[in-house]
Every structure is written in structure tokens, then in C-alpha cells.
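Novice: Here is what each chain is made of, one letter per residue.
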Amino acid sequence: MTATVEAPAPEVGAVPSFQVTLKIRRFLPADEDMPTFGEAFVAEPRWDEFTVDVHGTDRVLDALHKIKWEQDGSLTFRRSCAHGICGSDAMRINGRNRLACKTLLKDLDPGKPIVVEPIKGLPVVKDLVVDMEPFFASYREIMPFLITTGTEPTKERLQSAEQRERFDDTTKCILCAACTSSCPVFWTDGQYFGPAAIVNAHRFIFDSRDEGGTQRLEILNDKEGVWRCRTTFNCTEACPRGIEVTKAIQEVKRAMITRAF
Amino acid sequence: MQTHQYDVVIVGAGGAGMRAALESSTRVRTAVISKLYPTRSHTGAAQGGMCAALANVEEDNWEWHTFDTVKGGDYLVDQDAAEVMAKEAIDAVLDLEKMGLPFNRTPEGRIDQRRFGGHTRNHGEAAVRRSCYAADRTGHMILQTLYQQCVKNDVEFFNEFYVLDLLVDHDLATGDVPEGEEVNASGVVAYELATGEIHVFQAKAVVFATGGAGKIYKTTSNAHTLTGDGMALAYRRGIPLEDMEFFQFHPTGLAGLGILLSEAARGEGGILRNADGERFMERYAPTIKDLAPRDIVARSMANEVREGRGAGPNKDYVLLDLTHLEPAHIDAKLPDITEFARTYLGIEPYTEPVPVYPTAHYAMGGIPTNIDGEVLRNATDVIKGLYAAGEVACVSVHGSNRLGTNSLLDINVFGKRAGRSAAAYAAAAPFVELPQDPAVSVEADLERIRTRADGERVADIRRDLQETMDANAQVFRTSESLTQALADIKALRTRFEAVSVQDKTRTFNTDLLEAVELGFLLDIAETVVVGALNREESRGGHFREDFPDRDDARFMQHTMAYRRPLAASGADAAVPGSDAAFRRAETFDGYQVVLGAKPVTVTRYQPMERKY
Numbered sequence: 001m002t003a004t005v006e007a008p009a010p011e012v013g014a015v016p017s018f019q020v021t022l023k024i025r026r027f028l029p030a031d032e033d034m035p036t037f038g039e040a041f042v043a044e045p046r047w048d049e050f051t052v053d054v055h056g057t058d059r060v061l062d063a064l065h066k067i068k069w070e071q072d073g074s075l076t077f078r079r080s081c082a083h084g085i086c087g088s089d090a091m092r093i094n095g096r097n098r099l100a101c102k103t104l105l106k107d108l109d110p111g112k113p114i115v116v117e118p119i120k121g122l123p124v125v126k127d128l129v130v131d132m133e134p135f136f137a138s139y140r141e142i143m144p145f146l147i148t149t150g151t152e153p154t155k156e157r158l159q160s161a162e163q164r165e166r167f168d169d170t171t172k173c174i175l176c177a178a179c180t181s182s183c184p185v186f187w188t189d190g191q192y193f194g195p196a197a198i199v200n201a202h203r204f205i206f207d208s209r210d211e212g213g214t215q216r217l218e219i220l221n222d223k224e225g226v227w228r229c230r231t232t233f234n235c236t237e238a239c240p241r242g243i244e245v246t247k248a249i250q251e252v253k254r255a256m257i258t259r260a261f
Numbered sequence: 001m002q003t004h005q006y007d008v009v010i011v012g013a014g015g016a017g018m019r020a021a022l023e024s025s026t027r028v029r030t031a032v033i034s035k036l037y038p039t040r041s042h043t044g045a046a047q048g049g050m051c052a053a054l055a056n057v058e059e060d061n062w063e064w065h066t067f068d069t070v071k072g073g074d075y076l077v078d079q080d081a082a083e084v085m086a087k088e089a090i091d092a093v094l095d096l097e098k099m100g101l102p103f104n105r106t107p108e109g110r111i112d113q114r115r116f117g118g119h120t121r122n123h124g125e126a127a128v129r130r131s132c133y134a135a136d137r138t139g140h141m142i143l144q145t146l147y148q149q150c151v152k153n154d155v156e157f158f159n160e161f162y163v164l165d166l167l168v169d170h171d172l173a174t175g176d177v178p179e180g181e182e183v184n185a186s187g188v189v190a191y192e193l194a195t196g197e198i199h200v201f202q203a204k205a206v207v208f209a210t211g212g213a214g215k216i217y218k219t220t221s222n223a224h225t226l227t228g229d230g231m232a233l234a235y236r237r238g239i240p241l242e243d244m245e246f247f248q249f250h251p252t253g254l255a256g257l258g259i260l261l262s263e264a265a266r267g268e269g270g271i272l273r274n275a276d277g278e279r280f281m282e283r284y285a286p287t288i289k290d291l292a293p294r295d296i297v298a299r300s301m302a303n304e305v306r307e308g309r310g311a312g313p314n315k316d317y318v319l320l321d322l323t324h325l326e327p328a329h330i331d332a333k334l335p336d337i338t339e340f341a342r343t344y345l346g347i348e349p350y351t352e353p354v355p356v357y358p359t360a361h362y363a364m365g366g367i368p369t370n371i372d373g374e375v376l377r378n379a380t381d382v383i384k385g386l387y388a389a390g391e392v393a394c395v396s397v398h399g400s401n402r403l404g405t406n407s408l409l410d411i412n413v414f415g416k417r418a419g420r421s422a423a424a425y426a427a428a429a430p431f432v433e434l435p436q437d438p439a440v441s442v443e444a445d446l447e448r449i450r451t452r453a454d455g456e457r458v459a460d461i462r463r464d465l466q467e468t469m470d471a472n473a474q475v476f477r478t479s480e481s482l483t484q485a486l487a488d489i490k491a492l493r494t495r496f497e498a499v500s501v502q503d504k505t506r507t508f509n510t511d512l513l514e515a516v517e518l519g520f521l522l523d524i525a526e527t528v529v530v531g532a533l534n535r536e537e538s539r540g541g542h543f544r545e546d547f548p549d550r551d552d553a554r555f556m557q558h559t560m561a562y563r564r565p566l567a568a569s570g571a572d573a574a575v576p577g578s579d580a581a582f583r584r585a586e587t588f589d590g591y592q593v594v595l596g597a598k599p600v601t602v603t604r605y606q607p608m609e610r611k612y
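Sequence lines, in order, name chains P and X.
Oh and the first sequence: position 2 is 2 in full-length UniProt numbering, straight run, nothing missing.
Oh and the second sequence: position 399 is 399 in full-length UniProt numbering, straight run, nothing missing.
These are calculated hints, taken from the structure and not from any lab test.
Please note that a few of the clues may not be correct.
[Claimed, not checked] List of simulated lysine to aspartate or glutamate pairs, DMTMM-like, C-alpha gap at most 20 Å:
1. X:Lys98 / P:Asp168
2. P:Lys155 / X:Asp460
3. X:Lys98 / P:Asp62
4. P:Lys155 / X:Glu58
5. P:Lys66 / X:Asp460
Using the sequences and the hints given, assemble the complete structure.
Specialist: Structure, rendered in C-alpha cells:
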């Protein structure tokens, strides 16, 4: 038995607590300066299990913190805001990409260990931390900024509520990489721009104020561009912000054919 | 160790830091050093909007905005700074729109505006629609838009680098720098998280934009990474911290969790109710009710709970009621915060009121600056080449209580000003020589913690700090509670001397950095508590039950907290205009906290009783 649900505490209003076990993928690169490890140290990934007491409102991030703060300070992961807006703590939880701070433990099966791994397709730096540089490099390539020509108006540019609504969904992106690192095409071909970069291109291509759509479509018409998408919908399922990622990619593909956006 | 040289180094890549970078990087060689990837910064968590008197939907002007800001801050606001902010707000919003920020729109296609706490028409007559917004993710859009512009302008970032020391040619913390002696910043020392390597950045101008320090409290809307780093680094170099006792508690944190639910919920018509279903804000602020400023609403909520009218099984929270609003309206204007209620509490806001309680949210105080972002070393003199903007700074536009939306405004207006000032200064100034062995003390401190075999756990000390701050220095304070907090902090400092970490590696050692951040939190907490003990009055976010009234005769001045050696008299802390009310020194192990005062700048508004 690796996890049990205890009877709720008797006093009124107490949040029920229970035990969970987390099975976490660990990795530390070889570091020859480090006397701690000695000559025998080899950089091999391994699995560690930890059991912690948690409350009904606790999230996977709370359990990771409990482990780090009470059991093993060397457990390493990124986090910041802890409520799903900064995009630091995307990880693979029970085989699915999620934000640790938005995944409630009570919503996972407490009867089995919760399996936590780094997101896939990016080099692992240590434990659950991956190198985000390749991800941000793709993002930068699609020119993720408003492109306009001519003189600027003295006041705001006008945009109707409908025009604003057209790209609302893709403005929600927090660049957590949950989508890109859930994409089977990205796993096998790290050169593929990936869903997040296309989502951010979409955000500008369909913004009525933007005049850089043609340039962005040219970039994404590349052999590593939108045509690599196999429509598996992993990205849409992975997005912690509820963005319809696959739909956005389809809209970019359609725009490329029709040149209408 | 690596050494770098830039004209301007900006520390922090949230809204203020990136806004400064956009100004500075087009003029002089600029680097931005950030402990997070820029898009992880906490500006992204701001929700409700950014006020500017655009008058797009109803009559408004910047003078009314200035008045609201001054009154909202309970007259501790420097009125020249508030005027600058309210005037420049209009261009700040238009700048963001031109950069591509997707504001919500009016039927005419202009930037839409909505009501927000404390923002009124004609000096308090009624709530005014002044907040420009993008649903309830305005901060997210600002952060993304500024980052996009930084990508466009090829701004150079050093991501996941922790700045651990500020380099100056005269260390004010020694207490023996003569009055009038020129003090210059010369750079910073940073730690690269990925490798554990130390980097020294020499710079003609340094801009601190490191954000807040909400993690001194247990219940907070702030990110785990908001540990007051920039404030503490300045303080350790003998630079004063201003008005640290004023900490804002946001009324509507998700009960038990502290996660922020925007004031926009009330701006869009949400109502606070107690266990009896009563709209209790009618009793506390009859004119603008639920849209009273945050300090008043937070105190009213805490009072309802104290008097037994709290909701829930433990009667320890109140309810934010949105059930009378159309679901379509909620989805259009408040999508993120209603999702928080669903995700974290399993509450459906369409049909059920949401449990809420005040949560530590914003430091009104910080590193003192003038309106050009130049850092002050006392009440009057600047440090050359050192700038600060945003929550880390105290300019002071928020006085003793910040109005909602004015933080997003602050970072844009004063981030821009600081970036411009720093670039202009660096364009003309020479490099200042670095101290001998500039990184030696940082390296020694890190090694001591990293290699200590066995000692106190970081998490235990931090939890005890956060618990005493929540219990003793929160919405209601007394001499007794603050004295307890002070004793606790002193004891925690002693325990911190023996802190150790389990992770002994150099690769991405967050265990080690959490220990360093805990040191910053202890510094910040001591300035909050000493300032709060000294301020024997109630004003804005600082409420003393033993001194429930505002006392303009004694306390209408800014608190300045200086760290000085035990032997020093704190000579440069005694400033002209400071009266006996601010002469206080508190002894810690090895140093003292010396208080001084700084006059409030009053231009057009004399203090009045603050009623809403």
C-alpha cells in the first residue's frame, strides 16, 4: 500500500488530510569538482519515492515543497507564483503535462504513487528542471511582437470588440511549454517550432492592428513549421490555460493557404 | 568568476525592469539580470487593470486621479510624485496599446475602462470608470507585451542569475561615511543558478526593479520568489528603507490559500457579505461601499470575523458574492479569477459565494527614490548611478495605502523614468572603480551555508518567521504584538546563523538560494516591525489598536530605517525636520536599526479626514 486515505479529522471545519506517495524522476549531471560524489559518481537518472501527509486543498506543488522542505532539500524544480499564471512548473504528472500548482492531489488517484517527471523533448538540467532555451528560441523566431507601418496615431489604435475577440484565446499563453513538450513531433524533431511558438504567431497574425502576418506565415511555412503538425491534440489537452492550441494551429495553416487573416 | 561591463545594469525583469530596459537599451549598452525568466515575474499575476484618466467612457481628469491617490494613501503620499504618475498615466496606457497590448474595447473601438476601489469622480463623489484592462489578466498582458518589445529590441538578458550584492564606492553601513560625501554605485555581484558561478557586473548605473517581499507573511498573494532581495541588498549597504511598516493586505484572497481574486470582481458588481448575508461594507463606507480602498475593506472584513459574523464552519472568512451577475458577464470580464475559485476551492461562482479573507499583497515602502528614480541615501541626498522603480522602490506614490491599479501604473511610469535617467547618466558618466575582490563576501557567505554540515532547516525558520508576522504584524497591530514579533525575529536571526542546506552541489542549487532568500526576508521583517512599533498612530495600511487615530502632528512623515553598526550614532539618520517621534534605535545582534524621518511633499491637498 503506497497511499491511504485517512478518515477525516473529527473537528468541524478541518480540512481532511491524507497520505500520498510521489515517485519522482531524479537526475544530477556529473560534476567533477564535487568531492561529495567521489569518483564513482555517474550521471544516471533514477526514481525516488517520497510519502507525505497532505490536505484536501493541496496541489502537487505543495507535496513537492513538503518533500524539499522536510525530507530532501536537493529535490529541484522551478516554481514561482503557485497559482497557474507564471508558467514555471510545467511537469509530467502521471504521464500528462500539467502545472504542478494547478493539479490538486485529491483529483489524482491516491491509491497509486503519483509519477512526476520533467517535461519531454528539452534537455534535463537537474531533476525536474529542463533547459528552456530551445523553447524560447523558437518563440523569438516567429517575431512575437506587434508589427506596424506608417506613423503612429496620437491616441490608441481603434479595434472593435469583435476584432479583439478574434485572437483572445491565444493571448492567454504563459509560455510554460506544456503544449510543445507534449507534442510527439517535437519529441522526435527538436527543430520543429512547436505549438507554443505557433500559438504566439497566431496571437499577432489575427490581431487587426498587426501588419506582420505575411512575414510570420513565411517563417512558419518552413519545413519545420506548421505543416509538421499531425493534429494529435496533445497540445490542446496539455494547455493549463485552456487554449484551443490545435485549433489555432489549424487556423494558421488555413491562413497560409488562403492568405486571409 | 566572470566579469562583465555594461553602461546600465537592470536588476529584475518584471514590469518595471523591462519598461526601464526598453528606454535604456536603445540609448546605452544595457543588461537585464533576473532571477527568473522574464515572463515568470509577478507582474503577470496582476489582474484588474491600470488606471489612467483617459475619459473614454465618462468624464475624468488626472487631477481627480491625483487626489484619489493622495487620499487613498492617507496623506502620506508625496504629492509631486502622485501628480507625475496621474499625468503620465495617460501616455503610459497609450504606449502599451501601441506596443500591442490587447485592451478590452468600448463599442466605439477605444480602450474600455471600469471602476476600481478608491477611484472616484470629482474628489469622492462617486466611483469612476478609470481602470484600463484586459479581462482579469491585465498584468499578464503587460508582462507579455513588455517582453515582446524586449525581444523586438534585442534586449540582453541574464536569466536565472541571482544578484547577491550591490557594489558601491562608500559602504554606508559602516556608519562612517561623512555627510555630503559623494557615494557612487559601481555594479552588482550575481550568482548563476545553472552553474553556481559568480559574475561581477561593472556598471555606470544600476537600476533595482526586483519587486516585493510578500513572503515575510504566511498568507500572501505573492509568488514564492518575492523575498525582498533588492530592498535587503540596499539596506545591507546602509541605504535606508522607507515606510516599510505599510504593507497592504488585499481584501479578497481565496480563504486559507491567499490566492488573489481581483478587486475587479467588486468593480464589476461583486458584493462582500458576512455570515448573515449582510452587505457589511454599507456600514463602514456608506458612499462607495465595496469599492472603498483596500485597507478599509480588509480591516472591515477582519472586524466582521472578529465580532463573530464570519462565514464557514470556523467563522473565519467572509463571502464574495457574484451570483447576481450574469454568467456571460463573469466569463467576459472575470474568467481567470472565477477559474481560481473552481480549481482551488471547488466553488462555482455563478451559483455560490466565494470564501475570501485578506492576504498580504503589496509593500508600499521600499528603497527611497525621487521622481527620476534616483535612490536617496537619506532624506535629501542621492547615490550617484543608483536607481530603483516599482514595488522595490518608494517614490512615494502609494503613501500608507496603495489604490488598486496604481501598481501597474507605477511600474510603467517610474520604470520608464528610471530607465531614461539611468541611461542619461551612464551616457555621460565614467565607470567607477570596483572594490578590491568585489565578490569575496558573497562567495564566503554562500560557501559557509553550502558546506555547513548540519544545522537549522531553511523551511523551519521561514515558517516561524511567517507565522509570527501573520500573528503579530498583520491587519491589526499593538505594541504588545509587535514587541513579540521583534523578539521572535531576533531569535530567528540567531537560528539563521546556523542554517544549513542538504543540496551541496553547484548545479541549479535552489536549496542554497532559498537560504539566501530567507536572509533577505529576515532583513525586511525587521524593518517592517521596527517601523510599525515606532509609528504610534493608525494610517492607511498600518492600524494600531492601541493608537487607533491618525496623528498628523507627530507622524505625517515618512519613516526611514537605516542599518548601522552598534557603535555608530546614526548621525546621517538624524535629518532636518525629523522630530522626536522618529528618534529610535533598536539593537540587534551585531548592529542596530536606526530610524529617521523624511518630510512628506504636500503640494495642493491638505490632510483631511478620510471617509468614503
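Novice: Determine for every hint whether it applies to the structure shown.
Specialist: Structure-based check of each hint:
1. The straight-line distance between the Cα atoms of X:Lys98 and P:Asp168 is roughly 17 Å, inside the 20 Å bound, and the hint therefore holds.
2. At most 20 Å may separate the alpha-carbon atoms for a hinted pair to count; P:Lys155 and X:Asp460 exceed this at roughly 53 Å.
3. Annotation: proposed proximity of X:Lys98 to P:Asp62 is violated, straight-line Cα distance about 40 Å (limit 20 Å).
4. A hinted pair counts as satisfied when its Cα atoms are at most 20 Å apart, and P:Lys155 with X:Glu58 qualifies at roughly 17 Å.
5. A hinted pair counts as satisfied when its Cα atoms are at most 20 Å apart, and P:Lys66 with X:Asp460 qualifies at roughly 11 Å.
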